[in-house]
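There are 2 protein chains.
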Amino acid sequence: MTVVPLPLEQTVPGGELIHGAEGGSVVRRSVLPGGVRVLTEAMPGQRSATIGFWVAVGSRDEAEGQHGSTHFLEHLLFKGTRRRTALEIASAFDEVGGESNAATAKESTCYFARVLDSDLPMAIDVIADMITGAVLDPAELEQERDVILEEIAMDSDDPTDVAHENFVAAVLGSHPLARPIGGTPAAIKAVPRDSVWEHYRRYYRPEELVITAAGGLDHDIVCGLVLDALRSAGWDLAEDAAPVERRSTQRAEITGTAGLHVVKRPVEQANIIMGCPSIVATDSQRFVMSVLNAVLGGGMSSRLFQEIREKRGLVYSTYSFASAYADAGYFGMYAGCTPSKVKQVLELLGAELDKLAADGITEEELRKAVGQLCGGIVLALEDTGSRMSRLGRAELVSGEFQDIDETLGSIKAVTAEEVQEMARVLAAAPRTVTVVGPFEETETFGF
Amino acid sequence: MTVVPLPLEQTVPGGELIHGAEGGSVVRRSVLPGGVRVLTEAMPGQRSATIGFWVAVGSRDEAEGQHGSTHFLEHLLFKGTRRRTALEIASAFDEVGGESNAATAKESTCYFARVLDSDLPMAIDVIADMITGAVLDPAELEQERDVILEEIAMDSDDPTDVAHENFVAAVLGSHPLARPIGGTPAAIKAVPRDSVWEHYRRYYRPEELVITAAGGLDHDIVCGLVLDALRSAGWDLAEDAAPVERRSTQRAEITGTAGLHVVKRPVEQANIIMGCPSIVATDSQRFVMSVLNAVLGGGMSSRLFQEIREKRGLVYSTYSFASAYADAGYFGMYAGCTPSKVKQVLELLGAELDKLAADGITEEELRKAVGQLCGGIVLALEDTGSRMSRLGRAELVSGEFQDIDETLGSIKAVTAEEVQEMARVLAAAPRTVTVVGPFEETETFGF
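If you read the protein sequences in the order shown, they are chains A and B.
Per full-length UniProt numbering, the very first residue in the first sequence carries number 1; after that it's consecutive.
Per full-length UniProt numbering, the very first residue in the second sequence carries number 1; after that it's consecutive.
FYI, nobody ran anything at the bench for these hints, they're computed from the structure.
There could be a bad hint or two in this list.
[To be verified] Across the chosen pairs, the derived CB separations fall in these ranges:
#1 A:T257 to B:P138: 44 to 50 Å
#2 B:Q285 to A:D117: 29 to 35 Å
#3 B:G14 to A:G409: 39 to 45 Å
#4 B:G446 to A:E441: 34 to 40 Å
#5 B:E142 to A:S284: 33 to 39 Å
[Claimed, not checked] Cut-off 30 Å, straight-line C-alpha distance, at most; resulting in silico cross-link-like pairs (DSSO-like, lysine-lysine):
#6 B:K412 to B:K341
#7 A:K264 to B:K189
#8 A:K189 to B:K189
[What the hints assert, rightly or not] Negatives, chain B to chain A, calculated, CB over 10 Å:
#9 A105
#10 P121
#11 R145
#12 D158
#13 Y203
#14 E207
#15 R231
#16 G299
#17 V315
#18 Q372
#19 G375
#20 G399
#21 D403
#22 E421
For every residue, glycine included, the Cβ atom is placed at its ideal position computed from N, Cα and C.
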């Protein structure tokens, strides 16, 4: 398998050609002065483009007393800059029918927009202004504190969200990735403006910034627009500055809490998650994990769906999943069922994982899972947003760009033995279980 | 404005050319033997396609004692045919990475899939088999009854869903469109197999069937594949059969219940909807309604968002919306806020509508709303799924196909005066209000 390590030399204009094919899309990467990285994928024939400005900071990076400040800051960047009011920022995208938003994650924050190709210069100008010129007006900040509390209340009314948050907190224990991205209501009420400002000054700098774009675009033009926008904002872009190094990908010791965690909620349906710590994002076994998840809980033909929904009618929704970060990750199985069936569904989830470990998968299941993953990847490529995200992950997470054929090759190379071996590791790990529903916290479900 | 009335003559092969442009997409429509309608949009350069099989029946068409049977039947079509087991149906799409699903609506049911263009023949074969060859096995049916009850329980745990369902029931009163699509738990527990079977036999017939597809495809090939699949299933396709006529678009008398409806739920955030009956789907004023919604509650720069979230920090989410059906429709404004602020938010929602009626909109707001709608329409065109749906709506709802330039022209023709006049009508109508939250049902919020 040949992957292209992302080149670190400064190569503007033109950029390093990472991948290109006659008639297909072309991926380029440049490191601009200041250490600002720009990765683009020009897709011939596309009339739209999606662009994202990434800062390599997420909730895991927050110091004690600053929990929730990454997400708080993300909100505040929409509240006005030295050049624009909040209304002007919102209007800029609305009036061209564009979609703009931001996402705070555990290891990154991304401000993105999808617009017609002719509106890309506007999108770059506005997002660059938000990144460079935020004012964090104290009165606006106080009002936005209430908006964030409303957002947290909304999520807290979603029992599936509650189950996932509780499971992750339990399975990752004291690791910073265990914390909820948005912070707790108490943390949000307490965080002072100084903390948010300090967070902004510390991380929103050229060497932390990665810009990725895909669609109808020209790499050199995007680089030029980015450079102009950052320079005119007064950012100091030293010719010899280098991007910050990627996070350590050394797998951390995880001291999660195995066993049952019951969260009492007056809802009609119980939400169940069972899982354990697992591989990190750069693990070469990640393609094995993808195949395992496709077979176990990746679609309507998966084992969990067939066994728990189709054969027994116990659930509407059931699936398995894996989330992987720089130095930690986890695997889980989800099911939502009527409260009286929790014990039975827990047994079935555990039994399916055990069966996968004991008996492995058939060649037919392997063939179908590979087809499912490969088809899904090719279908996703028609979307400029998923290509933009892929570039961001390549730069921030894996440090290398895999073209599609290489990714498909990695999936096709997975063997049934590898899947069974991974299932054995997962099945042998102590299990963390979260159940959200109308139960007392002393409930055991025979677990 | 020139729209193309959908031609009813039988024109297979070749189909009636409805819209085509050099280098652009080409829309064709054919009526096959049996009265089966096929509309396709060939998009040059696309490697995928989305196809939908529509039956012009929805929850509104259910007789007393059969409520929920449209949605029940939709589930059962995935449970096996004379030729395929449930697992074979699921596997067919999963193993090529396709996305397949179905949607039961109030006036139609659609079975759809997005696949690589080379997998389109498979998709047509499998969906046609589901439509023509369902067996409704009694044991499978009993199990699926439980799955549907789980689906209803899941929706019932979502307070925003509950607010919308309750609002629609109140605002449309005794009209069949007022009923929830999935039926009530009691109705689902009671509906006998005979009712579902009768529903299937009555509506799943050639003259009810509309097939729409968009992406990398050829019209004649799609028609041929559909015809082969239906014939080999033994469907009687009479050469002279005509499609069923569209629903009456005569606006119905609506006797909804104005005033306040409180639904008690132990949640952290109150969910509020305020609105009234409004225009039907074919109303020429629908473009005016689109502009009104864009200005009032269509994005981050809209009046509701700016007033209630940005200026006051009272909500995380607020927007306005309109839903329109053949003979009825409604308009509404949504907000989610902390329970103690319901009275204030209700006053603000009402005041914004009143202000729109009293003062109208500025030319600047009109310009921005038109830009927002036009940009959004052009961006949506890159998605084969939204083109597939557009063809379905053209055939089933409006009976005419508008090409993009015509649609953009209709939006650009809207005047500020028309928007104000529509706002006056909405503001003058008796208001229906639903509040879901931790309140007693006697709570008045000063309303």
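Status of the hints after comparison with the structure:
no.: 1; hint: A:T257 to B:P138: 44 to 50 Å; in the structure: holds (46 Å)
no.: 2; hint: B:Q285 to A:D117: 29 to 35 Å; in the structure: holds (33 Å)
no.: 3; hint: B:G14 to A:G409: 39 to 45 Å; in the structure: holds (42 Å)
no.: 4; hint: B:G446 to A:E441: 34 to 40 Å; in the structure: holds (39 Å)
no.: 5; hint: B:E142 to A:S284: 33 to 39 Å; in the structure: violated (46 Å)
no.: 6; hint: B:K412 to B:K341; in the structure: violated (38 Å)
no.: 7; hint: A:K264 to B:K189; in the structure: holds (28 Å)
no.: 8; hint: A:K189 to B:K189; in the structure: violated (46 Å)
no.: 9; hint: A105; in the structure: holds (19 Å)
no.: 10; hint: P121; in the structure: holds (15 Å)
no.: 11; hint: R145; in the structure: violated (7 Å)
no.: 12; hint: D158; in the structure: violated (7 Å)
no.: 13; hint: Y203; in the structure: holds (24 Å)
no.: 14; hint: E207; in the structure: holds (30 Å)
no.: 15; hint: R231; in the structure: holds (28 Å)
no.: 16; hint: G299; in the structure: violated (4 Å)
no.: 17; hint: V315; in the structure: violated (6 Å)
no.: 18; hint: Q372; in the structure: violated (5 Å)
no.: 19; hint: G375; in the structure: violated (2 Å)
no.: 20; hint: G399; in the structure: holds (27 Å)
no.: 21; hint: D403; in the structure: holds (16 Å)
no.: 22; hint: E421; in the structure: holds (23 Å)
When each numbered hint is compared with the structure, violations occur for hints 5, 6, 8, 11, 12, 16, 17, 18, 19.
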